[in-house]
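Read in order, the letters of the sequence shown are residues 3 to 108 in this note's numbering.
These are calculated hints, taken from the structure and not from any lab test. Glycine included, every Cβ here is placed at the ideal spot set by N, Cα and C. It cannot be assumed that every hint is accurate.
[Said to hold, decoys possible] Here are the simulated distance ranges between beta carbons:
#1 80 <-> 13: 38 to 48 Å
#2 72 <-> 49: 32 to 42 Å
#3 8 <-> 49: 35 to 45 Å
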Amino acid sequence: MDRYGGAATADSERRLGEGLAALHSVTADRFGWCHDNHIGPTPQVNGWLAEWAAFWRERRLRPQLALAIRRGHGDLLADTGARLLEVLEVLLVDHGPLPSLLRRGS
């Protein structure tokens, strides 16, 4: 898919891959960002954490689960989400990505 939503071409797919690789090539010593931002209209907290599982749990998964529950998505989601938050580090024990900058612009 090109920049304006047109059909994908071999060149646009190559440029997308190169752009993603460039974003991932900028690494850091921890996960997060120095500024909070938004995912669409939803605020996203980005404070720094040293461990990937803790960052994903506290900065991404927990806030999204809380938002879904506040919006009435039910007890099953709350219960399942709570269990996932409890075991997340065990599930991700062998997953150790490097912190990388996944944003463009300032």
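Hints the structure violates: just list their numbers, smallest first. 2
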